[in-house]
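K.L.:
Sequence:
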Amino acid sequence: MVQLHTLNLTGTAARGVFGVLDIEWVHFLWNVWVLVAAAVLLVRFRDNPWLWFTALFAGWHGLEHTYILWIYFTTGVVGTPGWLSLGGAVRGGLPLQRTDLHFIYNLIETVPLLIAFAWQLRQSAARPAQPKPRRAVLLPAYVGPACVVALLGSAVAASFTDPVKRLVTPDGEVVCDTFYGLVEDVRAQAIPVPEIRHTLDDIQVRTARADFNLRPALVAFVRAAREAVASYYTYPTFDALAYSDTYAHMEVHALTYETIKALSKACTLAGYPAKPRTAPVNGTVVLSPISRDPVPSTGDFRVQQPEQAVAAVERYLAQKPWGFFGATCDAWASMHYKSDRADVGFSASANEWIVDIPRNAEALGPTVIRYHVNSQSGLTHGDAAHNLNSDFAEGCDKY
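First residue of the sequence shown? That's 4 in the numbering used here, and the numbers climb one at a time after it.
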């Protein structure tokens, strides 16, 4: 505990004085030894209520370590949270890390054991020659500790019930729903950056009224997400590396991704899984129907075929700068748009070709980019409808 909370050590650096003994087998066998020792003492000192309490609580502690050891045998994963520590199998556990919870367990076992020793010394000194007590006299020694353990268990169980959760932590479901929606919207670039910041502020405000076992993961997510928003020059990424990410920011976004996984797990274990939600749409472009006029067979046409119109668009984009690295917009279009699936039509009234190029499903930016190519001169310009000033397009959608 000193290493964790005073020296701020983590992981293998915080394994106590005898780190070699910090293994699941040792934890399990130690608790079994405590339980067996308490049971042996009860054979001789059955009227000691503090000893009964120690035995009952050691039984619970031993069961939890049995579960942890079983997880270790079946998965090979060490250090799992068990039943009641943060991230545990019972509704996500209590808001305590495993080391903190089991330190409390050990205190609850050790202190009553010391009191039991002192109590037994006083009883033996006061009644050295008395016969063994009858069952009626022993009844309080059995019932009292059992009631205390039952009350402790009931209090823990009550903390997971919906009425108590709504009373003490009413914003757990709301904050998880907000979190799920924010992650989806950011991944789709369907939410502006100021709104991302506002949503993170809202999550932070509600954290104090969320479930206890959600709070550590919420704090970690908000901190990581804010860093991702602040460090990226166009649009934040909540994944390790996405289309609009760079290696310079990968570590920041990888941290955000890890906190998203942790908070998603915590919300699910707390009873707040992601709900069905309409998929966010980014870059939706509404265009007028494409003209399908017949192409005149005679006339002075520099661009006579649909394929020539698509090629004119590619040449036009090759002349436009993309981003800050010397690239051109034809590279942007070739990576994220399908020119081979372009829909091309002819407008006789405007004497031009109309070229609609669809976006890859997994890409970001406008869903369609439309260009107008004059059939006589070959001059090309983009349609104003797809000038969305998309963060991802970095200016190419304005051409």
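Please keep in mind that the hints were generated in silico from the structure rather than gathered at the bench. Where hints are given, some of them may not hold.
With a Cα cut of at most 27 Å, we get these calculated DSS-like pairs of lysine-lysine [to be verified]:
hint	residue 1	residue 2
1	K264	K323
2	K264	K278
3	K341	K264
4	K278	K268
5	K323	K341
K.L.:
Which hint numbers doesn't this structure obey?
P.N.:
1 and 3
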